[in-house]
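Chain order of the listed sequences is A and B.
Residue numbering for the first sequence follows the working numbering, starting at 1 and increasing by one per position.
Residue numbering for the second sequence follows the working numbering, starting at 231 and increasing by one per position.
No lab work stands behind these hints: they were computed from the structure.
C-beta: ideal position from N, C-alpha, C; glycine also.
You may find that some hints are simply not true.
Unchecked claim - With a Cα cut of at most 25 Å, we get these calculated SDA-like pairs of lysine to any residue:
id: 1; chain 1: A; residue 1: Lys182; chain 2: A; residue 2: Pro149
id: 2; chain 1: B; residue 1: Lys343; chain 2: B; residue 2: Pro241
id: 3; chain 1: A; residue 1: Lys127; chain 2: B; residue 2: Gln235
id: 4; chain 1: A; residue 1: Lys45; chain 2: A; residue 2: Glu24
id: 5; chain 1: A; residue 1: Lys35; chain 2: B; residue 2: Arg398
id: 6; chain 1: A; residue 1: Lys15; chain 2: B; residue 2: Gln235
id: 7; chain 1: B; residue 1: Lys296; chain 2: A; residue 2: Asp85
id: 8; chain 1: A; residue 1: Lys207; chain 2: B; residue 2: Glu386
id: 9; chain 1: A; residue 1: Lys127; chain 2: B; residue 2: Pro241
id: 10; chain 1: B; residue 1: Lys343; chain 2: A; residue 2: Gly14
What the hints assert, rightly or not - Away from chain A, derived, C-beta distances all over 12 Å, residues of chain B:
id: 11; residue: His240
id: 12; residue: Arg303
id: 13; residue: Asp333
id: 14; residue: Leu348
id: 15; residue: Met399
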Amino acid sequence: MATESSMALPEFLGKAELLKQGAEARVYRAQFLGKPTIVKERFQKRYRHPVLDEKLTHRRTVQEVRSILRCRRAGISAPVVYFVDYTSHCIFLEEITGSSTVRDHITSCPEPELERIAERVGQILAKMHDEDVIHGDLTTSNMLLRRSPEDGESDLVLIDFGLSYISALPEDKGVDLYVLEKAFLSTHPNTEALFERLLKSYTASSKMSSAVIKKLDEVRLRGRKRSMVG
Amino acid sequence: MHSTQELELHPDHSVTQMLFKEVKNAVELRQKAVQGKINGALINPTMLVNPFQLLVAANKAVHLQKIGKMKTRSLYSEIIFNLSPTNNISEAFKRFGISDGDDSVLVVLVHNKDESQLLSDIAAKVDGRQVPVEDISSLSDAAKIKKLYKVTPQEETCGTLLDAVVCRMATKDVM
């Protein structure tokens, strides 16, 4: 019975379209139950001790899925989870169609539109941190703008919660913002003012922003990406 | 009328759904189901939003059956259990399974590709009028569903009710 199930999934993934291969996981696109789906497979890492690998991979899969649901409950757009296979550590998620990354927008859109986007990103991150969700990998490639057919203003969707976890610590939230700042400024040259606008919007929208911004300033001075605690 | 979807992860399995209204023998059907005489899951359609959530529930049930990790005793009871937002099995049956006073029922079958005989067998047992499965949305009690799944008002701004329900079904075991 176990071999039966372990043979169907590799075959399914073999026929699916591989979108990305990272150090942690492979991302595919496929049809699942009649819907366009993204499958994120956290494959086995043979350089790790197998018991440790299983524990780590399982924990990361669970954290990713919990963070997504927590965000959705707070009204933050994130892909819907359709199915989780804990034996192969695959997450089957809604494919966000008709969208482009914030990264692409920054390189192509006019200034006033960019300012609006920066404001909205600040707002959504404030909401996320107020829910004590740390994204862990904030970059402009992990934020999608999905065109809305009726309303006009597009929907800002956060994706790739692979390194996310739950934490109330301002330190962790500060580091989350620091990661974004580093990614932002290195990907988009001469956008310091735009990022400042993002932070202003964050400060205005978040209930606990002063502690977080204070930590962000501290982390900037340290010039490190990780918390020195534990 | 009925809808059939092949499970991509389990190619030898297909899921068929049949919806009936004006059902007159709910008492008899429920008894037969409890006795294990019905080769399908009998579900109360007022608690359902869309046929897609049945596919999600059935896919998970078949997967767990294959790895021997079902929480209930049969594939069909597992499908009903997967629909519920809680881990209480009897509560799931009470809320999502057919009750004596119901006048509509959704039948879910998991079968190999060519089992049209099964479908007509089950349809014969139901004393009611078969309607297109898509009609489920007209039977949904959205208010009851939102309350049971504890869907927040903010959540409705970033997705449909179906999105909220499916997400909870998929992540129930780790929340």
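Self-check item: Pairwise hint evaluation, proline 241/B against lysine 343/B, where the allowed Cα distance is 25 Å at most
Solution: 9 Å, holds
Quiz item: Hey, lysine 182/A versus proline 149/A, does the alpha-carbon distance stay inside 25 Å?
Solution: Not OK: lysine 182/A and proline 149/A at ~34 Å, beyond 25 Å, violated.
Quiz item: For leucine 348/B, is the shortest beta carbon distance to chain A beyond 12 Å?
Solution: At about 21 Å from chain A, leucine 348/B clears the 12 Å cut-off, so the statement holds.
Quiz item: Quick one, are lysine 343/B and glycine 14/A close enough, alpha carbons at most 25 Å?
Solution: 22 Å, holds
Practice problem: Decide if the proposed pair is consistent with the structure: lysine 35/A and arginine 398/B, CA atoms, cutoff 25 Å inclusive. | Solution: 18 Å, holds
Quiz item: Hey, lysine 207/A versus glutamate 386/B, does the alpha-carbon distance stay inside 25 Å?
Solution: Given pair lysine 207/A, glutamate 386/B holds - Cα atoms ~22 Å apart, limit 25 Å.
Quiz item: When you check the alpha-carbon spacing of lysine 45/A and glutamate 24/A, does it fall within 25 Å?
Solution: 8 Å, holds
Exercise. Compute the least Cβ-Cβ separation between arginine 303/B and chain A, then decide whether it is above 12 Å.
Key: Consistent with the label, arginine 303/B stays out of reach of chain A, its closest Cβ about 17 Å off (over 12 Å).
Quiz prompt | Given pair status - proline 241/B, lysine 127/A, alpha carbons within 25 Å | solution = Outside the cut-off at roughly 42 Å; violated.
Quiz item: When you check the alpha-carbon spacing of lysine 15/A and glutamine 235/B, does it fall within 25 Å?
Solution: 18 Å, holds
Exercise. Just double-check aspartate 333/B for me: nearest Cβ-Cβ distance to chain A has to come out over 12 Å.
Key: 29 Å, holds
Exercise. Over 12 Å to the closest beta carbon of chain A is the bar; see if methionine 399/B clears it.
Key: 9 Å, violated
Comparing the model with each earlier hint shows violations of hints 1, 3, 9, 11 and 15; every other hint is respected.
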